[in-house]
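K.L.:
Sequence:
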Amino acid sequence: MGQEDVIVRFVGLRAGCLLVVAVLAAAGCKQSSSGEAGGPAATGSVAPGEMKSFPIRGKIVRVDAATGSVLLDAEEVPGFMDAMTMSYKLKDPGIASELHAGDRITATLLVHQTANGFESPMLDEIVVTAQAKPDYKPTVQYHVPAAGDAVPDFKLVNEDGRTIHLGQFKGRAVLLTFIYTRCPLPDYCPLMSHNFAAIDKALKADPAMFAKTHLLSISFDTKQDTPAVLKSYGQEYAGVGTKFDHWEFAVPPEGELPAVTQFFDLGVTPGDDGSLTHSMSTVVIGKDGKVTAWYPSNDWTPAEVLAKMKSAATA
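Residue numbers (our numbering): 79 to 393.
Any given hint could be a false lead.
Simulated restraints, written as ranges between beta carbons of each label pair [claimed, not checked]:
no., residue 1, residue 2, range
1, Leu263, Asp142, 19 to 25 angstroms
2, Glu382, Lys233, 26 to 32 angstroms
3, Ala393, Ala193, 49 to 55 angstroms
4, Gly349, Ala283, 38 to 44 angstroms
5, Gln340, Asp238, 23 to 29 angstroms
6, Thr241, Ala210, 43 to 49 angstroms
7, Ala144, Lys248, 35 to 41 angstroms
With a straight-line Cα cutoff of 30 angstroms, these simulated DSS-like cross-link-like pairs (lysine-lysine) come out [as the list claims (entries may be wrong)]:
no., residue 1, residue 2
8, Lys130, Lys233
9, Lys309, Lys365
10, Lys321, Lys248
11, Lys309, Lys282
12, Lys248, Lys279
13, Lys368, Lys248
Simulated from the structure, these hints should not be mistaken for laboratory data. Only a predicted model underlies this, so the values are computations on that prediction, with no experimental measurement involved. C-beta atoms are modelled at their ideal positions from N, C-alpha and C, and glycine is treated no differently.
Whole structure, please, built from the sequences with the hints as guidance.
P.N.:
Right, dumping it as structure tokens:
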């Protein structure tokens with residue numbers, strides 16, 4: 079197989095927690111054949127605020143893993159923009175480590191239309207059609223959870239400062255997700271905690287099912303989310319009261335965090351302001367300690383996950 083035949087498809091796409099809004103414009107770009115000079119042309123068929131997608135292809139000039147973006151020398155996007163070189167955010171910042179300068183890619187370009195034009199460009203569904211370095215191997219290998227995968231016996235420190243490990247929950251169905259307590263976006267970590275609160279409440283209404291299940295919120299902010307911070311978050315924000323016997327909040331030891339995030343396909347990138355850009359990962363683990371279901375986004379509902387939990391607890 080020659081270099082031009084190499085095709086690598088990235089899976090496990092994740093929505094970033096922090097999106098840097100950038101107007102689609104670039105100095106010196108050419109006049110679009112279907113719009114004004116200076117950037118993409120409005121098609122006239124998209125309502126304000128609506129997301130529009132276009133196929134795009136080009137060659138990566140530079141990868142910026144810190145911001146989860148790439149500088150792309152893109153070919154013309156018919157009906158949208160002429161060929162130009164500009165920076166694009168990655169919808170999944172975690173794959174930045176798997177891309178490198180010189181790679182040729184195809185992708186889906188996502189943009190929002192506002193009164194000022196098209197904004198917030200992001201690349202999704204990236205496929206590397208030709209690698210600049212065919213023998214290149216990413217330094218970080220992410221595992222995409224699939225039903226039947228055995229979950230490692232990761233150790234964690236919970237809100238009481240006590241060491242726990244995932245293996246101790248065998249015999250119960252476990253629902254776990256990833257959060258950090260400083261997360262500022264309501265549709266990310268706060269939504270996960272609200273959803274968990276709804277599931278926890280529903281399980282409490284069924285004592286038999288309550289005894290067969292366990293909830294676990296794992297922080298990836300090892301420096302800031304101390305046991306005391308996690309306990310305060312659980313008591314005052316997530317609404318578990320003063321008991322953590324059914325829903326625990328925990329954090330991996332710093333040295334073990336990479337293994338945890340890589341197994342659960344969780345990308346985390348530090349921001350300039352101390353924030354963390356991250357993907358999402360919620361997992362149902364069966365009584366046998368194996369993955370039953372994986373949710374890589376925030377579009378799941380408490381009702382559907384609750385049903386999956388009950389099924390796993392009674393299997």
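K.L.:
Going back to the hint list, which numbers does this structure go against?
P.N.:
Per hint list: single violation, 8.
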